[in-house]
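Go by the hints and put chain C onto chain B.
Residue numbers (the numbering used here), protein chains in the order written: chain B, 547 to 897; chain C, 376 to 537.
Check before you lean on any hint, since a few could be wrong.
[To be verified] Okay, the calculated bits of chain C under chain B, using three or more residues with CB under 8 angstroms as the criterion: (1) 380-391; (2) 394-400; (3) 415-429; (4) 432-443.
These are computed hints drawn from the structure, not numbers from a lab. Predicted, not measured: the structure shown is a model, and the values here were computed from it. Just so you know, even glycine gets a beta-carbon here, dropped at the ideal spot from N, CA and C.
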Amino acid sequence: MRDIALVSFAQAPSVRREQIHNEVEILMPVVAEAVRRCGIDRRDIGFTCSGSSDYLAGLPFSFVTALDGVGAWPPIEESHVEMDGAWALYEAFVRLQHGDVDSALVFGFGKSSVGPLREVLSLQLDPYYVAPLWPDSISLAALQARALLDSGEYGEADFAAVAVRSRRDAKSNPNAQLSGDFAVAELLESDYIASPLRRHDCAPISDGACAAILASGDLARQLCERPAWIRGIDHRIDTINIGDRNLCDSASAKLASEKSGAAADKIEMAELCAPFTHQELILRRAMGLGDEVRINPSGGALAANPVMASGLIRIVELAARIQSGEIDRGLAHATQGPCLQQNLVCVLEGE
Amino acid sequence: MSEAVKKIVTPISIEYTITPGAAPTKFLRGIKEGRLLGQRCPKCSKVYLPPRGSCTVCAVPTVEEVEVSDQGTVTTFCVVNIPFYGQVQEIPYVCAAVVLDGADLPCFGVVQEIAVEEVRMGLRVQAVWVAPEERGYTLENIKYFKPSGQADAPFESYREHL
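So here's chain C without its partners, still in its complex pose:
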């Protein structure tokens, strides 16, 4: 009996040139300069960061540009203890949702310069940027967030952003 064909390999590779879009382009240009540019919904006034060009709740385009602070509040977080392929950080480390002052959606980042067990909801943090000459069109321009030294934010101030 001849051997059964159990698998074949057919390599596929296609290259795309993706357009981020008008709103994300403004955001990416801003972050290269160390600025965080969100957009405000004309109907519900929520500020999206990063902006997608539309308010997903109101279904209207967002046009008004809003510069958002690089300081914010940890709304929720997790401690990563599991090693995985491609891991950059040394474990254990903290991955947190941070709602930046002036924004209505939390963004994700790593929290450092604080013991893992001391990270908490309401912790006030500050972005640590890579050197200006190393910045590109990428969120990696923010290396991590560190405690800003301010008093913890009261729960009421961020409960809507959980």
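For reference, chain B alone in the conformation it holds in the complex:
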């Protein structure tokens, strides 16, 4: 395996509704900043891969127009995944293993505000038996949260505690959308959105974008003082049939974590993409992340959740802490699909 690292990255601050700029206009300065920060000439980047969704944008081939903002002349080698940018990073990692190119640009972007997000996400469900019933994303997450409560292992206060910690940590994240000091008791007084979930249990609706530059071996060391090396990366998927799954567990997250080699050494920090408070609890248990692991110092998806960029943001937030020397080893996670159906785990290390 070739050594591949994140050498540079940038994010757009997440906002509830970006009313002036379109997706390309949000993305362009983010890509430019990621390229500028590592000093690579954009024409030297060997591969470009993006993650976005036409269903989210409400436009066909929206990822093609995004290339306007990237600069595709002279013609570039480019690919796209209809997934979070974290999966674009996975594809770029695999592409760089071929050995003929040494750098890649990956990005994820989306405006969750332009359509009814809860219903847009219903379009990813089984088209015969489930999608025609229009169960929305929050209702499905609420079924999962209910199952978790019924298992007797967690209570609604445990959910709220995740929100309290996330919003408190988000105070130091300039890209976060929701932050502040709250008390569990105070949050538990609010009404349910979809019982047992309250507003604080759900990620905000966000518009945003994230970009990262990957480089191999010596190039990574040239471009960056302390690259964040990808030591393991894996993604797994559970069945689309929600009734066939144990919703209190995440078999795919557990397997992705195992295959990524996370357990080979100490994990100091984990950036988990949990758009609902209870999902963080499920993920921690599935991946065996104990109290000694610092979880989501960025505030996580509960503080900013631009769909299609949120997972990639987890990876770059972890990479930032490795580049700064704050930690030596950590794990980042991304998810897609209803109730944590698909999970990606990426282990990053400093040298």
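Frame of chain B, contents of chain C only:
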């Protein structure tokens, strides 16, 4: 034997509120006033119309606003002879790429007030606008292009825009 289920119908409808973006918004506001507002790339100086807010070649934002003429040159064209669903024009008619004076990208439009067989590359044309009170935020404000009566543009003047 029971009848096989060959298809099911599951209607899907989602409404979106799309933001055109900063650059297209300026263009759409301009065209409502009968003005054509493009943007110039700070690196290669090409003028994009309609503007997308970036130069696709240089990968930099375009900021400088440039008002473009509503006169231009036909760079290439086709004669439409086939009827199709939703057709507005009577066939045969001419659909042309017109590079407006001051712009570097051709835009598309219908050429009228000239016999179909007389339309040619280099033909100088002029936009025919709908009445000011009927204009909206749409390219349909230009009804069609008609010959301006000027001498044909030499090939060299538009060869880069083909």
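Okay, the hints, checked on the actual structure:
1. 380-391: holds (count 6)
2. 394-400: Holds: 7 residues of the segment 394-400 of chain C have a Cβ under 8 angstroms from chain B.
3. 415-429: Contact hint for the segment 415-429 of chain C vs chain B: holds, 3 residues under 8 angstroms.
4. 432-443: That given contact holds, which follows from 5 residues of the segment 432-443 of chain C lying within Cβ reach (below 8 angstroms) of chain B.
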